[in-house]
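Be aware that the sequence shown starts at 1, since it is given in our numbering, and climbs by one per residue.
Do not take every clue at face value.
Derived lysine to aspartate or glutamate pairs resembling EDC-like cross-links, with alpha carbons at most 16 angstroms apart [claimed, not checked]:
id : residue 1 : residue 2
1  : K153      : D183
2  : K170      : D187
3  : K119      : D183
4  : K65       : E114
Now the in silico label distances, taken between C-beta atoms and shown as ranges [said to hold, decoys possible]:
id : residue 1 : residue 2 : range
5  : E42       : H202      : 36 to 46 angstroms
6  : K153      : N59       : 41 to 51 angstroms
7  : T172      : L18       : 38 to 48 angstroms
8  : V72       : G154      : 30 to 40 angstroms
9  : D183      : S163      : 20 to 30 angstroms
10 : L18       : E177      : 24 to 34 angstroms
The set of hints was computed from the structure by calculation and includes no laboratory data. Glycine residues also receive a C-beta, built at the ideal position from the N, C-alpha and C atoms.
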Amino acid sequence: MIIPAVGQEMSSKNFSGLKFRNLGPAFVSGRIADIAIHPQDESIMYVAVASGGVWKTINAGTTWKPIFDKQVSYSIGCVTIDPNNPATIWVGTGENVGGRHVAFGDGIYVSYDEGKSWKNMGLKNSEHLSKIIVHPSNPNIIWVASQGPLWTKGGERGIYKSSDGGNSWKRTLGDAEWVGATDILIDPRNADVLYAATWQRHRTVAAYM
1 MIIPAVGQEM SSKNFSGLKF RNLGPAFVSG RIADIAIHPQ DESIMYVAVA SGGVWKTINA
61 GTTWKPIFDK QVSYSIGCVT IDPNNPATIW VGTGENVGGR HVAFGDGIYV SYDEGKSWKN
121 MGLKNSEHLS KIIVHPSNPN IIWVASQGPL WTKGGERGIY KSSDGGNSWK RTLGDAEWVG
181 ATDILIDPRN ADVLYAATWQ RHRTVAAYM
């Protein structure tokens with residue numbers, strides 16, 4: 001909707017259908033890093049929070065429940081629902097930005113029961129995971145974009161692929177020293193085509209850039 005602003009007074013009635021409402025989770029979790037919506041039931045959502053775990057709603061955001069609080073990492077970078085089986089939820093730990101005040105994680109987790117229980121599936125030296133993608137027709141194939149440690153070289157950084165449901169991982173892009181990955185997308189028309197964004201950033205403690 002386009003409303004000319006010259007020569008007329010703006011009316012609040014013009015925006016009555018554009019209201020937003022806060023879906024939470026309240027004011028306790030800080031920065032929202034990612035959202036995953038159930039492919040068959042849009043009232044079920046999972047929210048990854050950079051400084052407050054993973055939250056789940058089953059009523060379109062009316063109420064929320066923390067489902068990751070018993071795990072080692074509280075900082076979450078991404079959350080993904082397996083399109084082959086929506087009961088399987090993947091979570092990448094560690095905040096997915098490169099600011100000064102960030103918390104690192106301890107790898108990638110999976111839940112096979114809609115978030116009731118979790119299992120660490122490796123990449124424990126990644127520290128900051130940005131994105132997880134599950135193959136749309138093969139749940140054993142998973143790709144992960146890992147930024148890697150922000151303050152040192154090394155770690156598990158770059159694009160990683162698993163062909164066995166997350167039991168093992170192989171780096172397919174990036175290097176072991178500085179080059180990490182910030183995002184990865186799959187072509188919806190061809191699941192064999194992927195697009196990745198990488199970065200190379202050298203930082204020192206107390207640096208502002």
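Verification of the supplied hints:
1. Taken as a hint, the K153 and D183 pair is broken in the structure, with Cα atoms around 19 angstroms apart against an allowance of 16 angstroms.
2. The hinted pair formed by K170 and D187 fails the criterion: a straight-line CA distance of about 21 angstroms is larger than 16 angstroms.
3. Between the alpha carbons of K119 and D183 the distance comes to roughly 23 angstroms, so the proposed pair goes past 16 angstroms and is violated.
4. For the suggested pair K65 and E114, the alpha carbons sit about 12 angstroms apart, so the restraint of at most 16 angstroms is met.
5. A hinted range of 36 to 46 angstroms for the beta carbons of E42 and H202 is consistent with their spacing of about 42 angstroms.
6. For K153 and N59, the Cβ-Cβ distance of about 45 angstroms falls inside the hinted range of 41 to 51 angstroms, so the restraint holds.
7. Against the hinted window of 38 to 48 angstroms, the Cβ-Cβ separation of T172 and L18 comes to about 43 angstroms, which satisfies the hint.
8. Distance hint for V72 and G154: a CB-CB separation of about 21 angstroms, inconsistent with the stated range 30 to 40 angstroms.
9. Separated by about 21 angstroms at the C-beta atoms, D183 and S163 satisfy the suggested range of 20 to 30 angstroms.
10. Distance hint for L18 and E177: a CB-CB separation of about 48 angstroms, inconsistent with the stated range 24 to 34 angstroms.
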